[in-house]
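Peer 1: Each chain, letter by letter, is given below.
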Amino acid sequence: GQKTPRVYSVELNGAKDIEKTDKGDGKEKYRGLQRNCLEPRKHHHKEELKKELDLDDHKLSNKELEDKYCSNILMGLSSTQAAELLARDGPNALSPPKETPEIIKFLKQMVGGFSILLWVGAILCWIAFGIQYSNDKSSSLDNVYLGTVLALVVILTGIFAYYQEAKSTNIMASFSKMIPQQALVIRDSEKKIIPAEQLVVGDIVEIKGGDQIPADIRLLSSQGCKVDNSSLTGESEPQPRSCEFTHDNPLETKNIGFYSTTCLEVSTPPVGTATGMVINTGDRTIIGQIAALASGVGNEKTPIATEIEHFVHIVAGVAVSIGVLFFIIAVSMKYRVLDSIIFLIGIIVANVPEGLLATVTVTLSLTAKRMAKKNCLVKNLEAVETLGSTSIICSDKTGTLTQNRMTVAHLWFDSQIFMADTSEDHSKQTFDQSSGTWASLSKIITLCNRAEFRPGQESVPIMKRVVVGDASETALLKFSEVVLGDVMEIRKRNRKVAEIPFNSTNKFQLSIHETDDPSDKRFLLVMKGAPEKVLEKCSTIMLNGREQPLDESIAKAFHTAYMELGGLGERVLGFCHLYLPADEFPETYSFDVDAMNFPTSNLCFVGLLSMIDPPRSTVPDAVTKCRSAGIKVIMVTGDHPITAKAIAKSVGIISANSETVEDIAKRLNIAVEQVNKRDAKAAVVTGMELKDMSAEQLDEVLTSYQEIVFARTSPQQKLIIVEGCQRQDAVVAVTGDGVNDSPALKKADIGIAMGIAGSDAAKNAADMVLLDDNFASIVTGVEEGRLIFDNLKKTIAYTLTKNIAELCPFLIYIIVGVPLPIGTITILFIDLGTDIVPSIALAYEKAESDIMNRKPRHKKQDRLVNKPLALYSYLHIGLMQSLGAFLVYFTVYAQEGFRPSTLMNLRVEWEQDSVNDLEDSYGQEWTRYQRKYLEWTGYTAFFVGIMVQQIADLIIRKTRRNSIFQQGLFRNKVIWVGIASQIIIALILSCGLGSITALNFTMLRPQYWFVAVPHAILIWVYDEMRKLFIRLYPGSWWDKNMYY
Amino acid sequence: MVTQKEKKSCGQVVEEWKEFVWNPRTHQFMGRTGTSWAFILLFYFVFYGFLTAMFTLTMWVMLQTVSDHTPKYQDRLATPGLMIRPKTENLDVIVNVSDTESWDQHVQKLNKFLEPYNDSIQAQKNDVCRPGRYYEQPDNGVLNYPKRACQFNRTQLGDCSGIRDPTHYGYSTGQPCVFIKMNRVINFYAGANQSMNVTCVGKRDEDAENLGSFVMFPANGNIDLMYFPYYGKKFHVNYTQPLVAVKFLNVTPNVEVNVECRINAANIATDDERDKFAGRVAFKLRINKT
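Going line by line, the protein sequences match chains A and B. For the first sequence, this note's numbering begins at -16 and goes up steadily by one. For the second sequence, this note's numbering begins at -6 and goes up steadily by one.
Just so you know, the hints here were simulated from the structure itself, not pulled from any lab data. Just so you know, not all the hints are guaranteed correct.
In silico DSSO-like links for lysine-lysine, alpha-carbon gap of 30 Å or less [stated by the list, open to error]: (1) A:Lys120 x B:Lys277; (2) A:Lys915 x B:Lys11; (3) B:Lys11 x B:Lys102; (4) B:Lys105 x A:Lys915; (5) B:Lys105 x B:Lys118; (6) A:Lys649 x A:Lys664; (7) B:Lys118 x A:Lys915; (8) A:Lys850 x B:Lys11; (9) A:Lys915 x A:Lys120; (10) A:Lys843 x B:Lys11; (11) B:Lys11 x A:Lys1023; (12) A:Lys317 x B:Lys105.
Full structure from sequences and hints, please.
Peer 2: Quick look at the structure:
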């Protein structure tokens, strides 16, 4: 679009200039966003911008709001009002990206690829008929038929391709409609559940924890409400929301909730909901405005589209040049111009693989289906292959590489670090649980926790249960449930008598419980919090179940452990407890959390526990695979560099033995500046550093480091990183889920959106959706993509081969003057009949070797159709096929009475309608019709000759390097279906349809089906030899010229 | 983005082509070095040599399956076709009586066509056979060839024989002779042992009117069985196929007349819809008189 260049210039310049507008530090993280979404508008629509910045709903009081939107906080809008507003503003939904009109899509299929050539052929046919007809009114309709057939071929293949494309688009459409969003709204003073689409400005909506916010809302009442704004700003920390106006910036103030962000929790026990008034709907929401931006970013042409275009150019070039060459030859051989035109048509039809583009579409959609089964939903068919040529993956961390949930990773007690199981289904924890300290620690973990399972989930595995509570408490709850069993029961037995919830000033959480030991009347005080804060409050520490004074050495051990766990990027919590003496705190004692009438110091430190969002268990393997496949995996995350690096290390994005500059500095104990940058293989670049980098510096980082992690980046910087990668000629895959990712997803060669966590805007911008959000699925996608590229090569090689066998007859016919060996219609029956299923069958071929062990193909060097492929198909196998087919043709003629020597230069007499006594080699005389019938038998013979050799061609195309016997002749069953289809179609044509003269097929004697078999075997043997030499002498002259 | 694609200037393209044709740095001509070209040419020489040999061999093997004397299959020739002489471009015999040149070419063709039928030649080369029965010359285990052919003397064509004929087969007088011949088919026993003849009619009613009367030579348009079977060019060296001449006596002048002649024989169907020349022949006759 028109806006596109502006977006880029803003983005690139924006990286350099220091913003003037942003003053408050709170605004910092929105900087990228504002620059991108608001500034372009500044130039275009000043009015609109003003209105946007004037968004002052957060400053207004409830009363003013009511007035502004003519609403009532208690009663809501009336239905009629709502209907009027809905009519005025339209539905509350993001308008889908502008779709190409269906008719344009359809017409594109009609003129794309080879269609133009075929149209030319059809029109030439009609012109030829016109000339014939004006000369002789009784001229045959053959050319009209042929022209019509050609036009039909174009239209039918066009319709087919269009249908295929529409089908894959529909998969996506049905997918995005799977989850209709509902909203609880107050209208006519009643609570109603309506589809979120029908919300209008002024509606009063209620939101529960876990809901998606259905529009931009101004909060009216809420308590302890937290939202996840990550899809908007990239902040992964939950953001508190309340009713107070806290900031001038509407993006920063706490009383605005944004469309499509998630409300994590609302903790007001009596109501359990937050209420808000809708202030913006649909495209006018902040998210809507960003989403609109993404549609302005141009889509890159997919690599496979480039390849197919390249291939079409080659074939069309060959067709046109041979056609024109022979037109000139024919004219100079004194053929009539009209005849020469008809030759030209024949040559074009013979040269164009009519069925191939449809086959490619089918092949791609088959792979798309296969990938969908493996959780990669492909929106754009061509993207199937893009993934295979990917050389850089810019991956998100949260959710893609990690499980997207906090999980207990390490424990420290008894001066020892224990490791907890962090795999997805961690059913059992294997660390030593015999120590008395563990008994105490587990009690604290269980009791000092406010998170609870939602009821009614007894049958759900613990790790999958829904929990009400924040991420760390959830982690602790699940951990203790796994280790100890029924937590709720334990809490019930240890009744809570008082509680101080966590807050950011005291940084701890405390609760006091009765104990479940009936003989022990003491209260138990448990506390958890930031380790250093907790330790401050302790005077003793529990070691092996016994309390010991907290001395210097133990404190040191604590610090070492704390630093070590922190260095792993884990969130560390400290736990301590105290049994309150029964004499001071009798059973009847009333605890007052405000007065703090209980001790909060001299407690007993029990242990540390660290949590992390652990990597998915399949990811390290997948990253290794990527690496061996030559794909660079770059992590781009908004998270803290330490956490990012720790995760990168644990999944292998930074491999075990590689160091960053900082690591080397630390190891050698020198300043960072002194380190030779070449020694470092890995780099962790933060968003702040990235901001100060020029494009050249970024390029240098991207080329000089093998392992890169970008941390603390805004989603906007993703776009810069993607562009940087693309400058290295890399094919870049980008994963993303947030709305802010959508420009980067669009810009990437292949954008991969997360199916579960992803926002609709991201899914719209992406080419592919990962249904399980799992990075490992990308790797299977890469594998499929590479396989399809190889297999497409085979398909094209297979299809191109017989073009020569179809072309040679015309050339021989023109030059030597034999009766036409194969008719144009018959050629179409090969291209669109016998050859279709086999060429699709090649898509099912298994990989020849480990395709994940080679480098990704180079966009500009490893072409789909390269010189060896074209030469080998055209000049080797194609030529052999022609000879075989000619053998069948000559056999039929010779056995019917026309020996090859008689056939030479027979054309003129042969085709003359008035010659009804043409003498054959034996002195017999033939009428025109008898000759015509023989000619059709010749067509059928030539057709069968090609078909038989195409079977051999199909078998040799199964592999490009390996022997057929290594690959296994029967592993791909579909190939045999293809061969059967070839034979059956040929049989039907020659037997069943023999009576329809328009099709020009006749019954063929059974033995003629086998005449070409020796040539077919020769093709096989020759190709086996080719492969053998390629395997024996890799890199040799033979390899270079014969391997395609 | 598309616009960012580097566009090559015309000069660069020419330069690239030059470098492709001859690259002085790598000594590559058209993308290959001398050795590479030598290799590739040698390869194709050997490869195509082999293919030619292979094709020649298979063709030779195939030709072993066909005999020199009779074709392997004759299924397409179950019904012999009929043809006329003089042979013209569109099977139309147009005679401008006053314009000698218009028919002289027909006469020349007929003279040439009928030459082998001269009585002297026939007597010299061919046998006098017994009419009314097939002249069979079976091989009986040993090849019996060349086979003898039966005489068909030019004089049998009567007024259409063109011997000492001042009217040039009637063309100069507007009473042209058209010769009907049946296509040769090897080992075909035409007539299935019954006599057969050729008849001609106007195609439509008005054609019949315009056609007028005609005479046929031999009488009734008979074709004798003794000229069958035909044993093929190699065996039946001097075979002259039987003819039927039709002399049209009073064709309505200046009108195009569609004539159809067919053979009446027990084993020759003349109603094949697709093959308009199976056992019949249709031609146009036009006599232009001033």
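Peer 1: Now, for every hint given, state plainly whether the structure supports it.
Peer 2: Comparing the hints with the structure gives:
no. : hint                : verdict
1   : A:Lys120 x B:Lys277 : 17 Å, holds
2   : A:Lys915 x B:Lys11  : 51 Å, violated
3   : B:Lys11 x B:Lys102  : 62 Å, violated
4   : B:Lys105 x A:Lys915 : 29 Å, holds
5   : B:Lys105 x B:Lys118 : 18 Å, holds
6   : A:Lys649 x A:Lys664 : 15 Å, holds
7   : B:Lys118 x A:Lys915 : 36 Å, violated
8   : A:Lys850 x B:Lys11  : 20 Å, holds
9   : A:Lys915 x A:Lys120 : 21 Å, holds
10  : A:Lys843 x B:Lys11  : 21 Å, holds
11  : B:Lys11 x A:Lys1023 : 24 Å, holds
12  : A:Lys317 x B:Lys105 : 29 Å, holds
Of the numbered hints stated above, those contradicted by the structure are hints 2, 3 and 7, listed in ascending order.
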